[in-house]
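Going down the list, the sequences are from chains Z, W, P and U.
Here numbering that gives the first Met the number 0 is used: the first residue of the first sequence is 0, the next is one more, and so on.
Here numbering that gives the first Met the number 0 is used: the first residue of the second sequence is 0, the next is one more, and so on.
Here numbering that gives the first Met the number 0 is used: the first residue of the third sequence is 0, the next is one more, and so on.
Here numbering that gives the first Met the number 0 is used: the first residue of the fourth sequence is 0, the next is one more, and so on.
Don't read these hints as lab results, they were simulated from the structure.
One thing to keep in mind: the hints can contain errors.
Stated by the list, open to error - Counterexamples of contact, computed for chain P against chain W with all Cβ distances above 12 Å:
| # | residue |
| --- | --- |
| 1 | Tyr52 |
| 2 | His57 |
| 3 | Ser110 |
As the list claims (entries may be wrong) - Below, a list of computed lysine-lysine pairs in the BS3-like style, where the Cα atoms sit at most 25 Å apart:
| # | chain 1 | residue 1 | chain 2 | residue 2 |
| --- | --- | --- | --- | --- |
| 4 | P | Lys133 | P | Lys33 |
| 5 | U | Lys151 | Z | Lys269 |
| 6 | U | Lys151 | Z | Lys17 |
| 7 | U | Lys155 | U | Lys214 |
| 8 | U | Lys912 | Z | Lys177 |
| 9 | U | Lys214 | U | Lys388 |
| 10 | U | Lys388 | U | Lys498 |
| 11 | Z | Lys17 | U | Lys758 |
| 12 | U | Lys552 | Z | Lys177 |
| 13 | Z | Lys177 | Z | Lys114 |
Backbone N, C-alpha and C define an ideal beta-carbon position, used for all residues, glycine too.
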Amino acid sequence: MQNYSFLSLARNALTGHKNWQKAWRSPPLKEKYEVVIIGAGGHGLATAYYLAKEFGITDVAVLERGWLGGGNVARNTVTVRSNYLRDQSIPFYVKSVSLYEGLTKNLNFNMMHSKRTMVDVVHNYPKMRDLRRRQLTMDIYNSTYEKISVDRVRQLIPALTGGGAESRLPIIGGMVHKDAGVNRHDAVAWGYARAADALGVEMHQRTAVTSLLRANNGDIHGVETVKGPVKAKKVVVAVSGHTTTITETASLRLPLRTMNLTAFVSEPIKPIVDVIVNCSDLGFYFSQSDKGELVIGGAPDSAQSFRRDIKQHVFEDTVGAMLELFPSFKNLKLLRQWGGHLDITPDASPIMDETNVPGLFVTAGWWGGYKAIPAGGLTMAHHVATNSPHPLMEAFSYNRFKNLDYILETGTTTAR
Amino acid sequence: MLLIHCPFCKNRNETEFVYGGPVGANRPDPNLVSDEEWVDYLTMVPNPMGPVYERWWHARGCDQWFIICRDTVTHEILENPSEEP
Amino acid sequence: MTYNVKIQRKLLNALFDIKGSIRDVKSYLKECVKSLPVKPSSYITQGNWKILYVGPNHWILLAPIDQEQQLVSSLRPHDCPASISIVLISDTLTFFHIDGPDAFDIISIASPINLNADAFTPETATFSEIFGLKALIFRHGDGFQFAVDQSFGDMVSNYLDLTLAN
Amino acid sequence: MKNLNRLESGGRIDRSKSLSFSFNGKLYYGFEGDTLASAMLANGLHVIARSFKYHRPRGIIGSGVEDPASLIELLEEEASGNNLCTNVKLKEGLKAKSINCWPSVDFDVGAVVQYFAKFVPAGFYYKTFKWPTWHLFEPFIRRAAGLASAPKEPPKKGHFESRNAHTDFLIIGAGPAGLLATLMAARSGAKVFLVDQNTEAGGSLLSLKLNINQKPAMAWVESAVKEIANMSNVTHLQDSTAWAYREHNLVIINEREVENVSIIERSWRVRAKNIIIATGAIERSLVFPNNDRPGVMLASAVLTFVNRYSVKPGDNMVLFTNNDSVYSYIKDLKTAGINILAIVDSRKHIASAVLAEAQNVRVVLNSIIRNVNGYKKVNSVVVQSLVDKELETIPCDLLAHSGGWNPVVHLHSQSRGTIKFNDRIASFVPDQFIQNSISIGACNGTFTLNEIFNETKSLLCGVSAHSKPLVYEGKLECSKQSYSIEALWSIDLSKEKNKAFFDIQNDVTHDDIQLALTEGYSNIEHVKRYTTGGMGFDQGKTGNVNIIGMVAKEQGIDLDDVGTTTFRSPFIPVSFGSINGVREGSVVLPFRHTPITKWNLENGAFMYEAGARWRRPGYFPIGGESFQQAVNRECHAVRTGVGVYDGSPLGKFELKGENVGEFLDLIYTNIISSLEPGNGRYGLMLTDDGLIFDDGVAFRIDKHRWFISTSSGHSDAVYQHMLKILAFDHPEWDVKITNITNQWNNATICGPLARKLLKKLETDIAYDNGSFPFMTFREGHIADIPARIIRVSFTGELSFEINVSPRNMLVLWERIIEEGTEFGILPVGSEASHVLRVEKGFLSLGHEVDGTVDPYDLGMDWLMSKKKLDYIGKRSVHLRRSLGKVRKELVGLLPNNPNDAIPEGAPITPDGKKVATEGFTTACVWSVVNERWVGLALLENGHNRHGEEACVRMKDEIIRAKITKPVFHDSDGKLLRS
């Protein structure tokens with residue numbers, strides 16, 4: 000893999016940048032692979048990379064309907080954190096955060112991972128109790144979460160001038176999550192793709208999978224694509240939002256419902272907020288990108304949807320919430336808004352498992368799956384390579400629903 | 000923001016309604032089904048790219064629950080419940 | 000004042016929530032109520048009463064508060080047949096009157112409902128949204144009347160003040 | 000006032016109204032009707048800003064929202080982040096400054112970057128800034144980026160507003176197409192909305208001097224505007240932008256000039272039966288070296304400044320084009336006294352009629368602009384013949400160029416309509432319509448006035464959203480126009496040193512795109528994201544199609560196969576304030592009051608929001624009392640005397656019908672149907688997946704009438720739950736439900752002296768324990784107020800829940816306080832009642848019930864009917880438990896040290912080790928009766944661990960506590976039955 004550094008940049012500058020290698024090849028599609036991964040989004044690419052890197056499985060094809068790094072990795076709000084509630088979740092996200100922190104070095108691609116810390120702005124006492132429970136449970140797994148005073152909240156977020164004692168919902172305090180950070184989502188996709196490619200993994204764009212193929216004994220046998228059939232004994236479905244569309248072609252049903260989550264950015268402005276602000280009581284969160292845009296998110300739309308659409312009322316609720324705490328943003332302008340799909344399970348926790356179609360693996364039900372990309376990829380790769388679940392993901396088995404054994408993380412925070 | 004046709008109140012803004020999820024299987028007699036069938040009823044819902052029957056409650060209107068058929072890709076409402084007298 | 004309107008928060012009305020099939024309700028109420036509105040989301044007037052058809056098998060009778068006791072004795076909520084439900088709900092709703100040339104503007108700020116003459120006729124009465132709350136809305140002369148859950152009354156007053164603020 | 004470059008006459012400005020404004024601290028003058036841009040040009044200002052990356056001087060390029068570069072920052076009241084000076088109406092006293100430069104726009108230190116340009120190609124930051132850590136570089140990058148600074152304060156005066164509207168026709172754009180459509184729709188009697196982005200109607204006709212019916216086109220525009228002004232069925236908004244096209248024909252409009260001065264901006268949500276998009280076209284730039292130099296402008300912008308604002312952007316001008324449109328400008332430009340040195344046309348041939356329009360100006364065919372000289376202002380251009388590659392330098396101070404026209408398909412695309420590439424105009428046009436809308440005129444690729452009118456008529460005749468179908472009588476004869484183009488996506492730039500820009504704001508050059516393709520970022524989305532092309536404030540309105548064109552050319556594929564990047568809302572940046580409207584301050588979220596909220600406040604209650612938006616008293620501190628002191632005092636009153644609690648927010652429903660009994664048996668875990676009139680039961684509701692959903696009481700009034708109460712926070716959810724079951728699972732049942740939550744308020748008097756107080760209040764209800772036992776209710780009067788008294792207890796003490804109508808609540812409350820004084824009565828807030836219920840081990844939603852527990856876990860299996868074959872949740876509870884998995888069960892906790900308070904929520908781990916939790920503290924309070932801290936917890940296998948020790952693991956300490964039954968007061972419930 001071509002090394003990226005100031006030096007290589009300088010060297011190439013002298014030759015007019017004509018000699019840079021392609022970030023990834025575009026080889027012809029083979030008839031057969033050891034593993035086929037459907038979806039060149041964050042989880043698909045990370046799974047491919049770790050299969051090659053950690054388990055030496057390089058005969059892997061990642062098949063992508065559209066463009067590499069499209070899907071939700073291209074549409075999220077890049078918040079990386081581990082302030083979860085349940086014993087099953089926290090260690091998984093702690094692992095993911097630490098992997099993110101090492102990614103720039105390991106992939107030789109600048110993720111611009113910025114440990115900004117997240118500040119939860121809290122308005123009510125039950126919430127504070129819930130966050131304290133979170134804090135003390137997280138401490139067991141070395142994830143840091145500290146209660147802070149209202150004054151401290153305002154010190155950390157000088158632009159936060161609303162939420163005073165006389166306001167509709169006065170701020171009563173906050174929590175600081177130092178492990179949280181933001182980074183560059185495209186870099187994550189491209190970095191994994193480039194590194195996986197260097198290890199021999201093939202990326203095939205504009206190669207939509209139309210159905211799954213099963214052998215007579217019911218095992219997975221490969222996939223049918225717009226470019227013809229591709230054989231594989233192991234297939235991983237990593238297509239957030241469209242999981243059921245794919246799995247139903249193998250007459251496999253999953254407890255998933257596809258929803259729409261939208262986000263928007265403001266016009267670019269000089270630095271005004273240095274931390275990730277999260278306010279689940281009012282229902283919004285944001286951080287400022289290096290380019291200067293405020294990247295803002297809110298609640299998802301409840302209705303089922305495969306249309307990346309903006310629900311005006313959901314959007315207005317988010318804007319109203321933000322202006323309540325940041326009234327000076329009234330004259331700031333909306334620059335761009337967009338939506339993304341996610342498929343959600345009955346308990347809002349993911350499913351990462353081999354299905355009851357032998358050889359068919361799914362990683363789905365991600366609501367805020369961006370922060371989970373490295374750990375999700377690593378643990379899926381482990382499961383695919385060793386045929387046994389990684390301890391960090393065991394709890395997210397698809398059988399848990401057989402016993403209605405939920406992992407309820409709903410209401411974790413608005414920042415998904 | 001959908002414009003939903005309530006069988007009693009006619010066209011109303013989505014904000015007047017509460018979404019009740021896609022229409023799955025009817026609630027079976029819990030004493031006549033296997034565990035698998037019961038869990039299936041509780042957890043499995045249709046999730047098509049295209050038309051789906053779904054429940055809406057006119058919470059800020061006439062209070063009734065009804066079923067419409069909506070395309071999950073275009074959001075077009077393809078079928079409305081028959082109107083009340 | 001940015002809008003030319005007169006806004007008043009009204010005292011109690013006598014309100015009765017009436018549920019049951021048209022046939023049952025008609026026959027039970029025949030002594031006091033001559034006829035029921037038949038067009039969904041509409042109301043008819045009888046003397047100083049209004050009878051509003053607000054949902055399937057669902058009516059609301061609205062009268063001056065001083066007639067509440069008399070209506071209780073004639074409607075007999077406590078011993079009407081099982082097929083009919085009549086519940087006194089006078090205190091449940093608090094009413095606002097919006098009068099004046101700009102009343103239409105105020106309601107179109109407060110509510111997403113279609114107020115155009117062809118959709119919202121003079122005899123329309125319906126539950127919809129006012130400032131995000133469930134509200135009963137109908138015409139009132141050239142203006143409008145709407146009613147929200149009594150506990151939200153103060154909030155709606157604040158909302159109206161903000162709407163009219165200079 | 001005299002403006003350097005202002006023409007003597009003409010234009011649509013009001014020369015009688017002179018306005019002063021300042022730019023970078025210097026004072027200038029313009030006229031009413033000017034934009035900041037036209038006023039700047041009139042004053043000879045050319046360098047407006049510095050570019051994003053290389054800090055190159057930036058001038059005015061366009062004349063409206065399309066301008067890619069002339070960003071400035073407005074100051075004081077007008078402060079609002081970035082603004083395009085082409086889009087800012089000139090106002091008296093307006094203050095503006097340049098952005099992205101230091102110390103000044105004329106001498107910007109940042110400009111040194113361009114000398115290192117070759118070391119900072121597209122995406123360089125992905126390859127560098129990695130060592131030792133990004134955090135070292137990020138602060139500098141952040142400070143360098145970001146353009147303008149954010150406004151420091153909200154607007155000082157006025158407020159925003161949002162409004163809803165429904166219409167038969169929404170017409171977007173008041174150019175020739177939009178106006179004709181409006182006339183047709185309005186004359187049919189339909190309700191019509193017309194919105195246009197400009198300050199006045201006319202669209203392209205504001206700049207293009209054409210004739211309609213032998214008269215100046217603007218005369219036709221003015222008569223049309225006059226006609227619709229007098230039609231009550233038309234709403235006409237100028238200076239208003241339709242910025243989002245949502246599902247079901249909902250369009251969001253940002254109105255900037257509101258008749259009502261106290262409204263800063265208004266946001267319209269317009270729902271239309273038919274939407275007619277007539278948003279025109281935007282001229283796209285050509286890509287050539289130094290095409291960003293001040294003095295290089297879009298040809299249409301030059302014409303607009305001359306004709307509309309009467310400003311001469313330059314004296315000696317060269318035109319560069321690949322299409323016909325500029326030729327029709329010659330006459331006007333000459334008249335304005337601009338000396339046109341040459342028209343450089345990349346095409347081999349042009350029609351003779353077009354050539355004629357050049358009026359003997361030198362036309363250099365089959366040639367291109369190869370370079371532009373001049374740093375802060377053009378001083379000459381280098382023309383190159385495509386035949387012999389010969390170069391010729393032409394001195395000039397203005398280069399106007401036109402790369403063709405891009406139909407504004409943004410809204411069509413937002414509506415999910417598809418677009419396709421059209422070779423005739425070398426750009427994208429609407430293809431399929433998904434919603435009920437059409438595109439007409441230039442936004443549909445139709446550029447000449449005659450064609451626009453004919454298209455509009457033919458597409459709209461017969462359309463009907465109202466009574467009458469649309470028609471158009473009368474003739475419209477227009478000046479002759481023609482249009483043809485030969486696309487020029489990029490020119491041969493091998494060995495070229497100077498930068499040729501595709502995105503003039505984000506400094507995305509020809510080389511950058513090449514680099515992206517070289518490195519395999521070949522998809523248009525990759526190119527855009529890797530180079531940031533088209534991601535600036537202008538969202539690439541003039542440049543994006545060129546990028547697509549170049550990618551297609553480089554890859555040898557069709558533009559359709561390259562595809563466009565998504566057109567996203569908003570069409571132009573809109574203020575967050577206008578989107579939010581008036582919903583701010585006290586109403587940002589709903590709030591609810593009871594009739595005694597005022598009393599609570601007057602009596603020093605500490606109020607906060609509880610469930611379902613109710614504003615409730617937490618406690619009533621006296622003097623300098625601490626939270627704990629106040630709460631203890633209230634608890635003490637209830638345990639030893641009497642207290643009164645406002646329980647009004649409890650959800651209450653009256654149920655009536657033949658099948659209410661069966662229905663209640665289905666939704667509660669225990670049997671309700673067997674109740675006798677006057678009696679009630681406590682019950683639990685589960686979700687069908689077997690988790691506790693709500694708790695409350697159900698009472699039977701008579702054979703067919705019942706009432707139930709729910710927790711305050713869940714009353715809406717329970718109502719929805721009940722109606723859903725009746726609608727879909729049991730439509731055959733006769734159950735009528737009426738929400739009476741706000742028909743009944745209640746004051747609950749509780750404590751050993753409650754009965755004494757009741758006596759003193761005087762009631763016609765027999766209240767001795769024999770005739771009025773626990774879990775019954777009676778109707779009658781108390782203090783002459785009609786009341787329904789219920790004997791339930793959430794404190795464990797003798798309690799009477801006195802329900803009265805809200806109109807009587809305050810009277811009752813004050814009577815209770817008055818009569819209760821001799822018994823030392825106190826008002827009880829939520830905090831004290833929390834303590835009291837914890838002492839009794841009564842469950843509380845959000846504490847013990849955290850969405851994971853079933854009745855067994857809480858030791859309430861006695862509430863799970865064995866007799867009933869079915870009730871909501873039964874099957875699931877047993878299914879979940881059938882595997883014998885360890886459950887977290889409710890227990891009491893007595894800290895070994897009575898003075899140790901356990902923070903609510905604190906986890907419990909085996910021996911307090913740093914390992915997975917085995918439970919957590921759901922509540923912990925100072926028990927007045929036990930004079931110690933007592934807690935409740937959900938603990939694995941807790942029911943069998945009474946007497947053992949639990950270890951609550953804090954960050955740096957372990958609190959050890961004895962595990963007990965979850966009840967600390969009156970365990971056999973004698974008191975509440977007394």
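**Prompt:** Is it true that the CA of Lys912 (chain U) sits at most 25 Å from the CA of Lys177 (chain Z)?
**Reply:** Cα-Cα ~24 Å, so holds.
Check your understanding: Are Lys151 (chain U) and Lys269 (chain Z) close enough, with their CA atoms no more than 25 Å apart?
Key -> holds (12 Å)
- Would the pair Lys151 (chain U) and Lys17 (chain Z) pass a check requiring their Cα atoms to be no farther apart than 25 Å? violated (46 Å)
Once the closest CB in chain W is found, is it more than 12 Å from Ser110 (chain P)?
violated (9 Å)
Check: Are Lys214 (chain U) and Lys388 (chain U) close enough, with their CA atoms no more than 25 Å apart?
Finding: Violated, at about 46 Å.
Legend entry - Hinted pair Lys133 (chain P) and Lys33 (chain P), Cα distance within 25 Å: Roughly 29 Å separates the two Cα atoms, so the pair is violated.
Hey, is His57 (chain P) genuinely clear of chain W, shortest beta carbon separation above 12 Å?
-> violated (7 Å)
Check your understanding: Within 25 Å, alpha carbon to alpha carbon, are Lys17 (chain Z) and Lys758 (chain U)?
Key -> violated (97 Å)
>> Over 12 Å from every CB of chain W: does Tyr52 (chain P) meet that, or does the non-interface label fail?
In response: violated (9 Å)
*Restraint check for Lys177 (chain Z) with Lys114 (chain Z), where alpha carbons must lie at most 25 Å apart*: Distance ~7 Å between Lys177 (chain Z) and Lys114 (chain Z) Cα, so the pair holds.
Within 25 Å, alpha carbon to alpha carbon, are Lys552 (chain U) and Lys177 (chain Z)? Cα-Cα ~48 Å, so violated.
Measure nothing beyond the straight line between the CA atoms of Lys388 (chain U) and Lys498 (chain U); if it is 25 Å or shorter, mark the hint as holding.
holds (19 Å)
Hints 1, 2, 3, 4, 6, 7, 9, 11, 12 from the list above are not met by this structure, while the remaining hints are.
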